[in-house]
Amino acid sequence: MLKKALSTVVIIISFAGPAWAELDITITQGAGKRTPIAVVPFGWTGTTADMPLDIAEVIGNDLSRSGRFAPIGEDDMLQKPTDGTDVDFDDWSILGVEAVIIGRVTQTGENAYSVQFQLFDVFGRDQLVGYRMPASRGTMRRVAHRAADMIYEKLTGIKGVFDTKVAYVTAQPRGNGRLYSLIVSDQDGENEFKIMESTDPIMSPAWSPDSRRLAYVSFEGNKSSIFVQTLRTGSRIQVSSKAGINGAPAFSPDGRKLVVTLGGVDGNLDIHVLDINSRQSQRLTTHRAIDTEGSWSPDGRYIYFTSDRSGGPQIYRVAADGGTPERITFEGSYNARPRLSPDGAKLAMVHNDRGNYRIAVLDLERKDLLVLSVGNQDESPSFAPNSDTLIYATRQGRNGVLETVSADGLIRQRLASGGGDVREPVWSPFQRF
Amino acid sequence: MSQHKLIVASLLAALLIGCSSSRSIPDPEPTDSAVESSGGGSATDAYGSDTMGGGEPIDYDPTAGELANIFYFDFDSAELRPEDTDIVARHAMQLAGNSNLRVRLEGHADERGSREYNIGLGERRSQTVRRMLLIQGAATSQISTVSFGEERPAAMGDSEDDYAQNRRVEIKYTN
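If you're matching them up, the sequences are chains A and B in order. Under the numbering used here, the residues of the first sequence are numbered 1 to 433, in order. Under the numbering used here, the residues of the second sequence are numbered 434 to 608, in order.
Just chain A, same shape as in the assembly:
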């Protein structure tokens, strides 16, 4: 198998987010050439002096953070049209801008707005996409991310993931111990929401396919249990609390089952499939080695998992309805925590790369392994729903921080936390609108 070396161009750009944002995003490594674009301030018609949210700023930040685009400054713009008929392509061509985004926000009720945007190709002198969406003050940020997603997909051919969320765990010092929190935020770190907190460890959050629930492990009462919590209501059910280990939950593609790790009183960790409603479970592995970190293939046919039955941890897969496990990874002495890309083509894992624990992706068809991260204790890879980007945890001094990296390894961002230890990021599926 071939291990590709990554040649990297390092670009450091800092974005000062709003003061209440916990995660501050820095692009630590960008694609070689960033396409110059212009996101013109949106027009506003309404009863207040300013629009509730600077839509153009949100779109510009999204596109800039993708590492593929470089929005020009407002001061450099020769015109600031808000309607397509006013766009002067020659003005933008002089600036070397390749794409122009314009738009307007119109208030239509006390808490009702209409947001419209248009994307123009300067060279082709044509509109690439235009859209009008209703919004309230509460949904306006999502509408802006949604617009950025449509623009991004039009310009790159890759589905945007700006309108998605990330769940992660934080640990803060508290008294003699630590306070653990399960947090959900927008993928850009905004809109942090605390799902659960505990002085006992919280681990292994996992999204349901409809993004409405999170499964996680909690050590409340000094024993491990698996919970499924509905985000909107905050209500949670304890789905597994057997003797010994209850760990590593992951939802099936239909959202009705969890693959979990159970240890029992004898501590033999095996992969089980648990029906969430009936609580009936089926044991898929019986080996006396550690079998854990199960994860469904997107088509629901297989469960990939970590096992040290050969000595060190390697990745195996077993048919979701049972059968003989088949070894998948052979390169290196340590491969763990498998996660399939949503398109089913790639397998992300924690890989020991000459003594460093790093995130690697195995192309399941070509069988080549690409090491994507550069730290020495990187862990918990999770694919974005477009299969093009991953998020994972790395170290900054003694603290865990989150990073994202494009699946080709070329674009990397760090999401620096305001404080505490951040770990176990999991990227949500695409959100329903």
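Keep in mind that a hint or two might mislead.
[Said to hold, decoys possible] Computed beta-carbon distance windows for the label pairs: (1) A:327 - B:514: 43 to 51 Å; (2) B:594 - A:154: 49 to 57 Å; (3) B:589 - A:157: 25 to 33 Å; (4) B:505 - A:330: 26 to 34 Å; (5) B:505 - A:264: 22 to 30 Å; (6) A:230 - B:516: 18 to 26 Å.
I should point out that these hints are in silico values taken from the structure, not numbers from a laboratory. Ideal Cβ positions, reconstructed from N, Cα and C, are used throughout, including at glycine.
For this one, chain A is given, so just place chain B on it according to the hints.
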């Protein structure tokens, strides 16, 4: 297990009966070290006998009265260190001597590698201690295990020494 240690452990267990301590470490008993320190020699007591046993030095250990309740493990290992087997045996004697005692074995791993796999490594260490306790007379109903993996490090640094302190099993008396 030497005869002396069995006696010591039985004494200790007997003393512990009726002791309603809620602490995680049982009370140290002074009789322990006293009996222990007389156990080293092997001389016969026949006066004037022409052979003397070689004897062996006795180390002074001020903490000998307390039963250690943390056991450390080598990297990637769930093997109990030789020096810890006697201490685990003494915990087993306590449990065997008092069926009301309950322990929770908390397994831990260092922070390298994947978190859920580390839960497995911590559990493997707990189970090593559990098996030893069971073989030496403790009952399954007296023992529960939990693995915190890398979630509750004892040392926060990232040196080899810190990692060594984190690869451990703690025996906690829960009643």
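**Report entry** In rising order, the numbers of the hints this structure does not comply with
**Finding:** When the structure is compared with the hints, numbers 1, 3 and 6 turn out to be violated.
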